[in-house]
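Join the two chains into one complex using the hints; note that each chain is given alone, in its own frame.
Residue numbers (the UniProt record's numbering), protein chains in the order written: chain P, 1 to 459; chain U, 1 to 523.
Mixed in with the good hints, there may be bad ones.
[Stated by the list, open to error] Distance condition first, Cα-Cα at most 30 Å in a straight line; then the derived DSS-like pairs of lysine-lysine:
1) Lys-247(U) with Lys-46(P)
2) Lys-428(P) with Lys-403(P)
3) Lys-288(P) with Lys-513(U)
4) Lys-247(U) with Lys-336(U)
5) Lys-3(P) with Lys-37(P)
6) Lys-277(U) with Lys-2(P)
7) Lys-247(U) with Lys-37(P)
8) Lys-103(U) with Lys-17(P)
9) Lys-288(P) with Lys-522(U)
10) Lys-388(U) with Lys-17(P)
11) Lys-410(U) with Lys-383(U)
12) Lys-277(U) with Lys-46(P)
[Claimed, not checked] To give a feel for the contact side, a few chain U residues facing chain P, derived at Cβ under 10 Å:
13) Ala-85
14) Ser-157
15) Ala-279
16) Val-322
17) Ile-480
18) Thr-488
Bear in mind the hints are in silico, worked out from the structure with no lab data behind them. Please read all numbers here as calculations on a predicted model, not as lab measurements. Glycine included, each C-beta is placed from N, C-alpha and C at the ideal position.
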Amino acid sequence: MKKVYPYIPNSAPEAQKEMLEYIGVQSIDDLLVDIPKELRIRGGLKLPRPCLSEAELRRHMDGIIDKNIPAGRSISFLGAGCYNHQVPAVVDEVVSSAEFLTAYAGEPYEDHGRFQALFEYQSMMAELLDVDVCNVPTYDGAQAAATSLRMASRVSGRNVILLAGAIDPDRRAVIETYLDPVLSVEYLGYDEKTGLVNPAELKEILNDKVAAVYVENPSFLGSIEERGASIAQIAHDEGALFVVYVDPSSLGVLTPPSRYGADISCGDIQSLGIHMNYGTGGGFIATKDDPRIVEEYPSRLFSLAPTSGGEWGFGDVLWERTSFANRETAKEFVGTHSALWGIGAGVYLATMGPRGMEDLGRGIMQRSLYAKKRLSEIPGVSTDRFGSVSFKEFVVDFNHTGKCVKDINEYLLGKGIFGGKDISSDFKELGQCALFCVTEMISAEDIDFLVETLRDCLG
Amino acid sequence: MNKTAMIRRFHQASWDEPIIFDLSEPGQRGVLVPEAGPKIEESVGDGLSAIPESMRRSDIPLLPEMGQPQVLRHFNHLAQENLGADYNVDIGQGTCTMKYSPKVNEIFATSSKIADLHPYQDESTVQGALEVMYRLGECFKEISGLDCFSLQPGGGSHGALAMATVVRSYFRDRGEEDRRDEVITTFFSHPADAAVPIVKGFKVVVLPPDKDGLPDFEAFKAALSDRTAAIFFTNPEDTGIFNGRIKDFTGLARKFGALCCYDQANANGLLGIARAKEADFDLSFFNLHKTFSSPHGCGGPATGLVAARQFLGTYLPAPLVVKKGDRFSLDWDMPKSCGKIKAFYGTLPVIVRAYAWIMSLGAEGLNEASRVAILNNNYVMKKLLSIKGCSISFPDHAPRIEQARYSWRKLKEDTGFGTEDVQRRIADFGTHYWSSHEPWVIPEPFTVEPSESYSKADLDEFCAILERISQECYDDPDTIRHAPHNSTIHHVDHDVLDDPDLWAITWRSYKKKYDGYFERRKD
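Pulled out of the complex, with its shape left as it was, chain U reads as follows (with noise of 0.2 Å):
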């Protein structure tokens, strides 16, 4: 049973592919539009003449023009040189929970009787959507313990957003809106949780983590004040640290009147384990996409939703999904409501997604995602530890929950090399590896979430990547110094892209600023 653990030799595909622009050929076209049809023109023309003037377009857009299959074929190519989760053990990307997005839920969301469905419809004839959207509310209720949600936010950062409305309404119907104006979150925290309640005009206090790695509570005993508004949670943070301590810190901050919101990107390793509701917590939000499984697409879209207590219920983003006897309506006479935060109700193949994921594990199965989640994460943790070079943050305590951040500091001082170094290195073995959040208080820090999706032989693969590594670095360092080899391309010069004289965001920026391959214009 003990196979020793398989490194493939991998080649990402190189197309050498051209910049679209210069595929075009004049003339060509990808697609047809209907037509108006005879009818039509003879009754009003060609349309155009009757656009006023100063705004009818003098020229056309300088798109480029090509024939269906080249514009397949280059997208395709384009694909071919990215490595989607479904190709990798994507455990480097920590912090973002990459898990397996069962493909027969891509049927369900892609649906036209999903995609095709418009936002002001009739209730009466999106009664399946409204009925997905309030199942898995129900659902919700129960893996939070709290009792009302919206699934308005578009992502993650986005409901931190919710949240931050949320804690301002209820402040501002409370009269205490101009003395509640600090929001006190943590170091390890996502950044969107200091970010997002500067947006909604708050302070922002930063606790420092304490010699464990948690919250340091003296920190927090002193940043409590009558001008708390709220506090800003992950647990566990992205080191992986569960704070059993919990309760003490909500439970100060609502001595100083303070709601108590939760950042629960972190949520997969623990379902059906821990919830908002016993660390009493007044709101929560989740990643949809991520603990729930939607695939990233690259960066979105993505679904974050909002849970909070009945008495917060009011405030949420307008409108809600509710029942009534058989039927699903939307619900916009909420008086209190914080407002809206994202166009029409939220991003529903997400939310068919989300649903379909949960109900094809039951409280059961979810449990079993955590369980084996943390069971993943320590097993990578033992592994990574007996690599030279390689340490981990806060090394006092283990285990950890669903992922852990690690250090490459002593293959730093040993080798010279770090961990943007190994990023650089390891597409050459077909996976990725991100480094971490900044401000990089773990020197040469890397996180690593293994969820539930990946087997025992895939963990081994990517630690024997890691070590593999590691090695290079000790015995053959000009390996490392010039990866990545067997990648698309090769090392990115980087210092154009803080120069304004330098960047070029779109084609046509570099036609103007160059002459050739990234040759300056001399005029």
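Extracted from the complex, chain P is given alone in its bound form (with noise of 0.2 Å):
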């Protein structure tokens, strides 16, 4: 007997004649004369043993899912560009409305809700960043921060881009792979006593080539870049622009990147209320309102306008800049990226306010000066390697410890912590060092734990 399958409504035997009928074929093979023989697949394709009951199929997913240890459920001090925040019910409560999740590219009239709720997270990431604009998220911070450089060289008629400072260095790949191979990058690398861009070391590289300096703030070493404003102007000397990755988590109490100068502010809204999901992500690029610039976004960008009946209408900007309206001619390109999660971000913001986002900072920073504080009292390990102050990570240096951070991350995991991220491959100067991470999600009895563990281990 023909197999009926639920999602298929129409796999049903009844269906299926009537409406054959009604083409006037004899049967759906009918339909495939287009298709010839010699680009059919002989014999069907050759899959699983298909689990056709939802229990059948929850048993064969919960086998395979229950394998793993979700890092968020345990004690961990992992970040590097993925972070564990607290993440509002309200916000998984929104994004899984099945107005939200399941809506994808309606009209202003079936749509309003969508085109409002991402005007309003537009509008809220403009208020954290101090900003006029911002973006519809792109696929993540890593191509947020590949296109805010292709703008930039846009803007300023430039092909080279320096980056600076300490850069995660797996955006810095994407990056790498986005500019290639039409712009040519260059690397400033940090200051080995602060961690920090070199600000003299900065203007002896630069040249009027240079398109753009792009510094993460914090750094992904974790440290706060307190010389933004020379930095920037050292940029616009010499008719650069000034691009800056920021984490948003840290603008409750640290100055936007637009106040000492920058002219693209970019990052992730991760750690706005979007879960870990073993590294997803939404990038923002936020600007002034100059036409100069806004002209060279991709991506979409919501406007208020007005309607006929006097309510709050929106709109799509400058259509005819993206390639869905221009195709070859575009700048660059724009397609399904995540904006799901920019509705989700703008809930986050509203739930958290002012006041909130101020309390996540001062409570990260108070938990990062604790962590390095009772870190350093282990002998042999050190959370001084750069002079400068931190927020969220920090550097934990194990070369006197006579032990390396593999070794050291897997004792931690046997006791049930996950440990910094080992960054002694990517960063050879520095030895044996891990990145930790501590969010509001970590109490002080987590950081004790973690003490008394590693002087256990390193004994």
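Below, the structure is given as structure tokens:
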């Protein structure tokens, strides 16, 4: 007997018969006449035996998924571009509502809610970043960074990008892929004493071919860059744009990049109420309301627009700049990115409010300081590799413990602790160092337990 | 059995919902943040005084201040003013493969054992995640007929970027990069197929359609040269016409040493029927969120799986998931890899849903999904073509695969109303309709893709709505002219959107430019 599938209503033979009669053909095969025999799959697909009922499927899927031990439910000091923050249940509630979850590219007339929610997301991000323009999310922060640099190149008419300071190696790899071969990339590392950009070196290396100076703040190694204004000045003096990648979870307490001269701020919204999902994200790009820059965004920008009925309406700004309208003459490309996370981040920001973002930043600062202090009490362990203040993440130096990070992390894992990211291969000059991250999810007891366990390990 | 198609009475919610900033009430809070606690405070103080002065925020960000019930109610109002695919016969969103995303898959995708994983966890603690990725890849080797895969791309256009990046790396490795600087694509492929190769520094040649709607073979012959790096083809294209001569194209491209790249955004009609291998493609991407069913999330998160033949596998974005014995791991040892396309490894919740969807159908079910998608499409096509004013692109060419591009040219000539008018009016019936990708070579176009998720009654309802609207265009022009009538909002005035003095991309920008409801500031 023919199988009828729950997700395929017209797999029912009765429906098929009626429809075939209406079309005037004998069978579905008669509708495949355009596909020649030589292009057909011989013998059908060979796939695993299906789990046709939900019960079987759940058993199969749970059997696989249950093998995971989630960091978010353990004591985890992992960060490095993906962060374990509190995700208020109200965020999950909104992003899992079928109205938002299953919608796509509707028009202002039936998807008014999506337009308004994303406009509000843009607007709240703009408050956090102190700018007038922010886009609908890109794939992730790495792409936002890469696109920001391409935008800077188009604005300045130059084609060299200078990546300065301690940069996330994973993000740097994406940037390099995305710029290659149209733009070339040069590097200015970090000052080994401070972990920050050295302005004198920057001045030396900068020339009139450089389209943008790109700095991450806090840096990948956690340091707060305090000389943003001088870096901006140096970049601007040479006619380059200043692009800053920023962790939005820091902006309740740290100065937003636009205030120290960033022409483009970019980053990832995963910190703003989005689960880690094994490394997912959504990128933001934010600038002033200067048409020369706005015209260079490839992504969607929703604007308020009046309606004939006097309601708040919305629409796409400068549709003609996007690849939807312009194909091969467009500014890069746009497609399905990560809009739902934009709505989620909007709910998060509204829920947190100004005081929540301030509390978040303060709590993270306090925990970082406490963790650094306690860890440095362990003989051989140092947390002051750099003489700079850090936010959320910091380097823990194990070089004088006689053990490598890999072994230490294995020991910690055995005690239920996810240790910091091993950066010994990406930052060889630092030797055996790990990048530890403390978010608001980490308690004093967690830190104390880490210290105690490390003492045992390094004994 | 022959019921008259139902047209429902519908009115979308309209809450006259303020922009969220206008709901702010000083001092209110929506959530509390875990405090550091006395032990930490006593040890390190307030934490803020440690921040260098130049970097300490001098004010608070002007976010709304709201209690949690008020935040939820606001977004629930917006949700009610949004028509998710779960609420309507969403087949007017052609080229996007709107289909049912099974609810049980949400349970897997949002489980803490997926949602709370960190990408740098020890591999021993993410064996389940890696196993799903690996198993999905194995399924795709069969579905595409190709040998290797990467799950890194964040969506369909990103899948195209992954292909373009592999193409460049391949020719760089062979020392042909400077010479091979052209990519050939077609007029009815997705806009990204034309836009993406530019990002990777290629020149793009776009083939016009011939009289049958297929890429013009003579133009193709003329465009090919030893400069051609790759062809980026979709088959079927957005017209739903399958190019049975595709092997002539790939074969000829191969003679010129070019790589053949397959945009399989329109794969929903081909599962178990035809695939990249038999058509001689070297690379191919799929939109997991479309063909393999993930909710579209107002525009993502998505996933664009890219598959490759063996000889291109080493160029895919690193890392790939490998299996050794019973253990799964990420293989970074790929010296020829084209680099990274996206942070970390791919969008796991979408990958999980796609795998669950494939497992819930199996080979036969996948094939049935495609066959029914084709049946539904041809059924709708016959119905729509009986509507006054409606015609189809390339009318001599029937049947179609999974979708078709139609035209209201005649309707426009007869009544003055075109596709945008239909689009405004259809919102009054509780459904959605998109025109088509630009440029509109087919006059007054619309594209319908009735995937396998819709019943005969659903399809009849959608067709009856379009028939009613056509009738109104002829008989009741005022109804069309002033539509929508039952929506959250009335006709949007788009004049402000292209004018730097008038657009308002954020609320603060609006406040700076306007005095009140779109009244320009005088100062």
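Hints versus structure:
1. Of the supplied pair hints, the one linking Lys-247(U) and Lys-46(P) holds, its CA atoms being roughly 24 Å apart against a limit of 30 Å.
2. Pair hint Lys-428(P) plus Lys-403(P) holds up; C-alpha atoms about 16 Å apart against a cutoff of 30 Å.
3. Pair hint Lys-288(P) plus Lys-513(U) holds up; C-alpha atoms about 14 Å apart against a cutoff of 30 Å.
4. Simply put, Lys-247(U) and Lys-336(U) have alpha-carbon atoms about 29 Å apart, close enough for the 30 Å limit, and the pair holds.
5. In summary, the hint linking Lys-3(P) to Lys-37(P) is supported, as the alpha carbons are separated by about 25 Å, within the 30 Å threshold.
6. A C-alpha spacing of about 29 Å is found between Lys-277(U) and Lys-2(P), which places the hinted pair at or below 30 Å, so the restraint holds.
7. For the suggested pair Lys-247(U) and Lys-37(P), the alpha carbons sit about 12 Å apart, so the restraint of at most 30 Å is met.
8. A distance of roughly 29 Å separates the Cα atoms of Lys-103(U) and Lys-17(P); the hinted pair therefore holds under the 30 Å criterion.
9. Straight-line distance between C-alpha atoms of Lys-288(P) and Lys-522(U) comes to about 21 Å, which keeps the hinted pair within the 30 Å bound.
10. Only pairs whose Cα atoms come within 30 Å are accepted, and Lys-388(U) paired with Lys-17(P) is accepted, the gap being roughly 27 Å.
11. Annotation: proposed proximity of Lys-410(U) to Lys-383(U) holds, straight-line Cα distance about 17 Å (limit 30 Å).
12. Between Lys-277(U) and Lys-46(P) the alpha-carbon distance is near 15 Å, which keeps this suggested pair within the 30 Å criterion.
13. Taking 10 Å as the C-beta contact cut-off toward chain P, the hint placing Ala-85(U) at the interface holds, the least distance being around 4 Å.
14. At about 3 Å, the closest approach between the beta carbon of Ser-157(U) and any beta carbon in chain P falls short of 10 Å, and the interface hint on this residue holds.
15. Interface hint at Ala-279(U): satisfied, since its Cβ lies 6 Å from the closest Cβ of chain P, which is below the 10 Å cut-off.
16. At a threshold of 10 Å, the smallest CB-CB gap from Val-322(U) to chain P is about 17 Å, leaving the interface hint violated.
17. Checking Ile-480(U) against chain P: minimum C-beta separation of about 13 Å lies over 10 Å; hint violated.
18. Nearest Cβ of chain P to the Cβ of Thr-488(U): about 4 Å, under the 10 Å cut. The hint holds.
Going through the hint list in order, the structure does not satisfy hints 16 and 17.
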